[in-house]
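Okay, here's what each chain looks like letter by letter:
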Amino acid sequence: MRVYILRSLWTALYAQNVAPVGLQLHSMITYATVAMLMSLILEVDATRLIREKLREGTIATDLMKPISVPFYFFSDGLGQTALHALLVVPSLLCALLLVRIDVPSPTTFAVFLLAFVIGYGVNFFLNFLMNCIAFWTLETFAAQLIVRWASDLLSGQIIPLLFFPGIVGRLVFALPFAAIYSTPLLIYVGVIPPARWAIGIAVQMLWLVLFAALASVVWRAASNRVVIQGG
Amino acid sequence: MLGAYAQYWRINLLTMLEYRANFIMWFVFTIVYHGVALGALFVTMERFPSMNGWNFRDVFFLYALWMCGHELHNTLFFTVVSVPEYVREGRFDRFLVRPLDTLFQVLTVPQQIVPDGLILGIATLAVATHVVGVRVDWVFALFVPAIVFGGALIDLGISLAIATCSFWFVRVDTLRWVVMSLEQDFTRYPISIYGRGVQIVLAFVLPFAFMNYFPATYFLQKAEIGLHLNPAVGLLTPAIGLAWLGAAYAFWIFGLRHYQGTGS
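Just so you know, the sequences run in chain order Z and H. Each step along the first sequence adds one to the number in numbering that gives the first Met the number 0, with nothing skipped, and position 147 is 146. Each step along the second sequence adds one to the number in numbering that gives the first Met the number 0, with nothing skipped, and position 162 is 161.
Honestly, the hints are just simulated from the structure, not real lab data. Honestly, I wouldn't trust all of these hints.
As the list claims (entries may be wrong) - Covered stretches of chain Z (chain H as the covering partner; in silico rule of three or more C-beta atoms under 8 Å from a C-beta of chain H):
| hint | segment |
| --- | --- |
| 1 | 4-13 |
| 2 | 140-147 |
| 3 | 151-162 |
Note that the Cβ used here is the ideal one computed from N, Cα and C, for glycine as well.
Next comes chain Z alone, as it looks inside the complex:
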């Protein structure tokens, strides 16, 4: 259904307006469809467990165990993601009945997958950080939804970041959200040519490392806090 709406929308828009440079209608439909399929995987909040464990207090025993707790959360999230990834298959088949999406060359697809995995990592750490707020406030629902909505818009999930005008356009590309959806998608539809793949991925990696570092700092501060509270 979503795919139908997206197709109708973009078809109507392209039919009556001058197509913007660099993104034809079929690319746009491909972009929107792939973005929707990606969101099925990326919208799983893999680190929700942190919040739940904090509320129930079981996080204290987890911290005592001789395991890396963040890694434990990551594995748990990965499992949930894998489950949702299975759901993508029927959605993909339905989508293919409704729209024709472009199939890129195997190399492009491989690079897209790589970028997608990095994007998944950035998204994971973003969620991780959001859930860590719970160490201080216990409730993160509001903050989390606001960030989620903002990131839907700023990551290029709803509309390609290419469409943002002027200075705002440059700004959204510079934000970390772009690493989640925009980079993989633009590689897929070929807006980022092979010559610039390396740069795109490098920028993504930069955000990934930065977020991972930030997450580890926050995690250390947060787990100290639990100790102070006595669990």
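Knowing the structure of chain Z, use the given hints to seat chain H on it.
What follows is chain H alone, placed relative to chain Z:
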């Protein structure tokens, strides 16, 4: 009954004034939510100035009209959405043994209701009306509130129908989610961009198009190029709302007669 209803709102209002921080938080929440939707529309239409003859300002007005009706529903009738939960937990049976009308009781469940969305909706509609340059004459002044109310009734009818389904199926969260997201997507753009079948469904089966598309077509003096109806059908929204709610109410009564409880 009206007296009781007025009393109910007085208490709600007092509760709201008591929790001012909560009120502000919800306000920010609602602003970001609608802000993202409008922001996405703005950026898209910056690139593609025309959507079947509608520009950004027209679509902004379309959105504001839907937002008002939808938020009015969320303010006045939101407790209907919790009916499946009451059914599941067995709390619904309480309403059935009391001597007041069941639906009235559902509508007056004490709940923290924040009219943030409604306030924001009215403000957005005022801005949109100004921006789009609609002539505010007596037809506008008379019909827009009625249309907003009619839109809220359409929404209420849908909530009520979904709630009634829970008498049989107990869990209807997914159904509700699907219908709500369809409403959101299908009310965002002029329905003329969709295929004929979908347009007919939106006009006559699930009449979302009456919440904003038809009225907006009338007020913006556009030709209705989708179903080739006279744009003045947009003024029928209150009647459509009542009819649709009537149908949903009949279904609700039918459901009540067959209600068996969940045994919990």
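For each hint, the structure was consulted:
1. 4-13: With 7 residues close enough to chain H, the hint holds.
2. 140-147: This one holds; 3 residues, not fewer than the three required, reach chain H with a Cβ under 8 Å.
3. 151-162: The restraint on the segment 151-162 of chain Z holds, since 5 of its residues have a Cβ under 8 Å from chain H and three suffice.
No hint from the list above goes unmet by this structure.
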